[in-house]
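Chains as they are written, first to last, in this note's numbering: chain Z, 1 to 725; chain D, 1 to 725.
Note that these hints are calculated values from the structure, not bench results.
From a predicted model like this one, the values you see are computed outputs, not experimental measurements.
It cannot be assumed that every hint is accurate.
Said to hold, decoys possible - The calculated lysine-lysine pairs, modelled on DSS-like cross-linking and capped at a C-alpha distance of 25 Å, are:
#1 Z:K199 - D:K526
#2 D:K528 - D:K494
#3 Z:K113 - D:K86
#4 D:K526 - Z:K145
#5 D:K483 - D:K528
#6 D:K86 - Z:K187
#7 Z:K528 - D:K205
#8 Z:K86 - D:K7
Said to hold, decoys possible - Listed next, the stretches of chain D that the computed footprint assigns to chain Z, with coverage defined by at least 3 CB atoms under 8 Å from CB atoms of chain Z:
#9 31-41
#10 81-92
#11 510-519
#12 541-552
Here a beta-carbon is modelled for each residue, glycine too, at the ideal position from N, C-alpha and C.
2 protein chains.
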Amino acid sequence: MRKIIEKEFALNYLNKYGSQMTVGNGYLGVRGALEEEYPEQVRGMYVAGIYNRPSGSMSSELVNLPDVTRFQVTLDGEVFSMQAGKVHTYERFLDMDTGELVRKITWESSAGKKYQLNFHRFVSKEVKHVIAAKVEITPLSDNMKVKVKTGIDAQQTNFGTQQLAESSLRIFDEELMVGEYETIESKQRITVATKVNEKGIFTAKNRQLMTEVEQEIAVNQVFTLEKLSVVKTSLDEADAEFPKASYAELKAASETVWADFWEHAGVRVKSTNTFDQFALDFACYHLEIMTPKEDSRCSVGAKGLTGEGYKGHVFWDTEIFIMPFFLYNQPEIAKQLLQYRYLHLKEAKEKAVKNGYNGALYPWESAFSGEEETPEFAAINIRTGTRQKVASAISEHHLVADIAYAVCEYEAATGDAQFMADCGAELLLETAEFWISRATNRNGRLEILDVIGPDEYTEHIDNNTYTNYMAHYNVKKALEWNKDNKAFAAQAEKFLENLYLPVENEAGLIPQDDTFLQKDWINLDKYKAAQGTQGILLDYSRQEVNELQILKQADLVMLFYLFPKMFAPEIVKKNLDYYEKRTIHDSSLSKAIHAIVENQAGNRAQAYQFFQEACLIDLGSEPHSSDDGLHAASLGAIWLAVVFGFAGIDTSGELLEIAPNLPDAWQAVAFEFAWKGETISVEIAPNTLQLSKSTKSVLELVIYGEKQQLTDTLTINLEQKDVSL
Amino acid sequence: MRKIIEKEFALNYLNKYGSQMTVGNGYLGVRGALEEEYPEQVRGMYVAGIYNRPSGSMSSELVNLPDVTRFQVTLDGEVFSMQAGKVHTYERFLDMDTGELVRKITWESSAGKKYQLNFHRFVSKEVKHVIAAKVEITPLSDNMKVKVKTGIDAQQTNFGTQQLAESSLRIFDEELMVGEYETIESKQRITVATKVNEKGIFTAKNRQLMTEVEQEIAVNQVFTLEKLSVVKTSLDEADAEFPKASYAELKAASETVWADFWEHAGVRVKSTNTFDQFALDFACYHLEIMTPKEDSRCSVGAKGLTGEGYKGHVFWDTEIFIMPFFLYNQPEIAKQLLQYRYLHLKEAKEKAVKNGYNGALYPWESAFSGEEETPEFAAINIRTGTRQKVASAISEHHLVADIAYAVCEYEAATGDAQFMADCGAELLLETAEFWISRATNRNGRLEILDVIGPDEYTEHIDNNTYTNYMAHYNVKKALEWNKDNKAFAAQAEKFLENLYLPVENEAGLIPQDDTFLQKDWINLDKYKAAQGTQGILLDYSRQEVNELQILKQADLVMLFYLFPKMFAPEIVKKNLDYYEKRTIHDSSLSKAIHAIVENQAGNRAQAYQFFQEACLIDLGSEPHSSDDGLHAASLGAIWLAVVFGFAGIDTSGELLEIAPNLPDAWQAVAFEFAWKGETISVEIAPNTLQLSKSTKSVLELVIYGEKQQLTDTLTINLEQKDVSL
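Model the full structure from these sequences, guided by the hints.
Structural data, given as structure tokens:
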């Protein structure tokens, strides 16, 4: 019953639903483009790790692969399009329980003939290479002549940027079409094989290898065409076999794997707003299909495998926003995401050297090679007509500490000593070495100058509080894990002692950086009302925005979320209030984190409102919000808001802590939580909190501030608790 | 009154009309794609000489440049598309008199609102860089909110093959959008500048630089948007200025140049079938806009600048089928086309050396560099599933002699001694040297082995009659122009003496090659009925076709056309009859040449039928015959059929000859004919043939076999003539 539903066809929402209705399995992502063509429709298939750097570009792009989803359907001579004729009934849904995308249309052609058209599609969760599709067409008013043309279409580009050269086209046994391609610069080889279960006429022209099936079908009889496709790349070690099973058989096998996923990774919410459960299911479904499962050479792009936004690059989003969902559900996958960083320690160290630092300076954006991939230019400046340079590659360094934070989070949750010995301690050491070299001694105080914090509307600032605290944490944890390295220990201790950590002023305000509190304030109501659109940049240049108290997202709030015990509650409250007023929430990373910190601060209603708004980032009514793909970090943050916000889990202490504090609209929440090799089932009901696990070992934890012991089941009566802070 | 008219909108004909309704000027070609997007619609803009060799490919492609023709129109929230809503009236025409493409639609949106939309577009014939467009929208039923988005769209590719890297995007004065691009391999620079005459909001994303204009317009008021664009490339020496004039002013200036063209280059036919005049106008219009006017670095591609078929490559089509239109109208342009070959003598000599020959072996297909550009593979083989090698680059050598033939034709028509001294004699010499080295001595007889003649269904044959005769002519003419070159003269004389020139057998049949007459014959009715589609290759492999008496076009007929005096009339008749029965006419070069030779042979009705069928190659009802562009050579041949066929001009003797022999349906023909620096006006009326020129010099010519003298005007009464052979 988990369904993303499109009730009516609207051209304007084509690419938003195209992103939402992506089917995939972490290896492969196939956008929910309609089978037939429409103007502006972006068709897309992506394989994790398959990037290419186009000629003349400085950054790699997630490659839009040759398409197998398109079907050109001609019914009695008329090309099927919902723009033409009349759509009598329309229904499209992605069944997240099974991973199948279904569309059913009753259509009347311009000639007045009626047809029932059903389209089905899924990517196998059992065999990661397989895409299956099925088309069923029934003539309702007369006999029909149906023509269906489909195959492998390598005319696909990334918005006009070609990534692939065609190496060979073959047809085997007058049945199986096989296209082989190679990415132009990165030299990855892609093989796409496809076949349909009816005889057709083959053509190979203009980068398309096609078959056209033509049949005559009596009224009320069903024409069915099944198409199976297999995608394989040079990143795959094993060979991919072409499936012998039918659509239905493949689907049944895939469904079983999906059922297992939902049983363990799903979060159940009982809310008076049923949308909450849907938004959570949507988040979990997409987190699952965006994340590679068995290949540490790949991480998660900012849009997962749903679109070409941010060119498929990997940001801090992965470690801070996406990894936790896996860490507390499938910790092996979290480990693999960290291994991706470890794999590219070499490139990070090279980037540090190039920039005059020690240790590891991870690229702000990365892809397959582990090199810096941040584009040189961003949007056009309407005043000068020129494009604006992106400073993140040079100055947005907090990512380094974010990775270290994720290493510690992983270690805390799993106690994986092997990982720490193999990778973790070294990652901490190298990232810490970076910070030590990054700091500047100013009159005996160590300062970190000229950075960008998470708030990207404030550039080139000194002593960004978020960055300094994170750097401090990074070096502190590195020291814990590298005590025997005397040379490092000496440097680290000096760094920790002398690094400037901004604290609250007399008014109780922690400055975001050295100059922020001195800047002018403007009324942001207009921009907050259009949040997420970066509308401020249409009225002000980046330079002007930089000189005002305008936040894209609030650094301090982020810091409060990551270190829930570090600041006194009244300081959190005061600064939350101050900075939120100055925050447009133009970053999709903002809202859900605010929900968590508002909940911590006891503002439950406000927290819930932020949560609901966060859910609308990809699911709201704005038609083009997700054209380039879904906001992967935001989806991770929705899950964080439930587990670390409303369910009140806190992993920052020695023991696991839990102190649920649900919104008024919620009656219950239940989820599983992996901790120290155990899986804890958490069930929060109106009056009880029940924790259970399948082993008998004793787990100490803190519930609403009191130490408790969990063996198999522990039930706490909440009626006696004061659950507001 | 010269108009290409589309009476109703039909998706199926989109790309055929897109080719037919190309606007251009020889420098620039802009396909007649509709302003709004449709599935499968191919939008295209091409500049002569701008090719790029994509990564992994062996051949260059005519580059599909960033688009300026697209307008996304949103009317009261609904995206305008003729697939949606209802089209009440529709009219589209390309006015060949003025070069303007016009579309007028009365459209009712899905919401039931009515609008009048008029679209106008032309490429200036005065300033070759300029493209002008105008959109007029009138709300007919209510006030309207109109949004128009347009700009420079560099998402254009050649069917998924990207040719351009984006170098820079700029907006000047919040008005002028400028995109700079570079072809990836050939490193040609392209600048596209555009602006609209209303204020809009600019965006630059995904290779699109756009402005969006939004206005509210009262019912029955007209919203007008003019868009001017300028295209310039690194092949241009002079700078291109952005025009200050309006659409109307630019159009008026361009029209004047068009009027001059039609006055001199137009052919007037009085026929009971008005389609004949239209087809001729269509041919002349397109010949004019496909041919570069002032740059010998560029020649004419097989589809002109109307599409991407044959990748924009230059074949023998140019010299044999297209050049004559210019030679006898604007001889300077014919000279320039020959200079293109002379410019690439070096590459032709290199190709000869690479293949073990002397002299100049011109590439079967060429582009900007003058190197061989023939693709390695053609269509897929349905039996083996593999693609089939193209043998033309290795064996289709007659092109060498075709170029030499065109040099002689040019010299005969112009007497241009300077050209012969500068280029012509050397071209003849080098091409002749090739043939001398190409021949093989077999028992004292020189033979030319393993070639392909114009009939490409017969490969790897020995002593192709067309090739041998053409080679003989080539060497003979080279000898005439290089008598002082003793070494060459000795070789040439030996070659001329010993080269095997096939003659008729006892049955009067001249063999097409050594083995053709021994091959089996099959009934071709089925394939002749579907001529032009190469349907034979769906039933037979190329190998099988090669072993049967199946012609794509008839080599002998081609030879009869080029040398009208060489064979006795009864031999022509017999062989015409024999070979035509075995010719599918799958080549678009076939029909019009048959028309000429049938007319020579006295089969007037048959000739006229071939002529009419030739006119249908691009203008017939088959919806996809011209999707990839028009058949440039076929358009040239339509003109040839009139001038060298029905009007009976013969330039193969010492004197110009003329012996008109019109189809029954024709009452009159009139055209100008440039000869030896004079322009002769030819007017053929029912009973008179009138020739006139503006000078008083005496020109000797042969009319119906009788020597005559033309000073200013010469009128021959045809009633006394027996005009059938």
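Given pair status - K7 (chain D), K86 (chain Z), alpha carbons within 25 Å: Within the cut-off at roughly 24 Å; holds.
Distance restraint between K528 (chain D) and K494 (chain D), which requires alpha-carbon spacing of 25 Å or less: 43 Å, violated
Pair hint outcome, K526 (chain D) versus K145 (chain Z) [Cα-Cα no greater than 25 Å]: With Cα atoms ~23 Å apart, K526 (chain D) and K145 (chain Z) stay inside 25 Å; holds.
Straight-line alpha-carbon gap K199 (chain Z) to K526 (chain D), limit 25 Å: Distance of about 23 Å is within 25 Å: holds.
Coverage criterion applied to the region 81-92 of chain D (partner chain Z; beta-carbon cut 8 Å; 3 residues): Per the Cβ count (3), the hint holds.
Pair hint outcome, K483 (chain D) versus K528 (chain D) [Cα-Cα no greater than 25 Å]: 47 Å, violated
Restraint check for K113 (chain Z) with K86 (chain D), where alpha carbons must lie at most 25 Å apart: 17 Å, holds
Chain Z covers the region 31-41 of chain D, three or more CB atoms within 8 Å, holds or violated: holds (count 5)
Chain Z over the region 510-519 of chain D, status - at least 3 residues with CB closer than 8 Å: Our answer is that it is violated, as 0 residues pass the Cβ test (under 8 Å) against chain Z, missing three.
Coverage assertion for the region 541-552 of chain D with respect to chain Z, Cβ distance below 8 Å, three residues required: Answer violated; 0 residues pass the 8 Å Cβ test.
Pair hint outcome, K528 (chain Z) versus K205 (chain D) [Cα-Cα no greater than 25 Å]: 24 Å, holds
Distance restraint between K86 (chain D) and K187 (chain Z), which requires alpha-carbon spacing of 25 Å or less: 49 Å, violated
The structure does not agree with the numbered hints 2, 5, 6, 11 and 12 stated previously, though it agrees with the rest.
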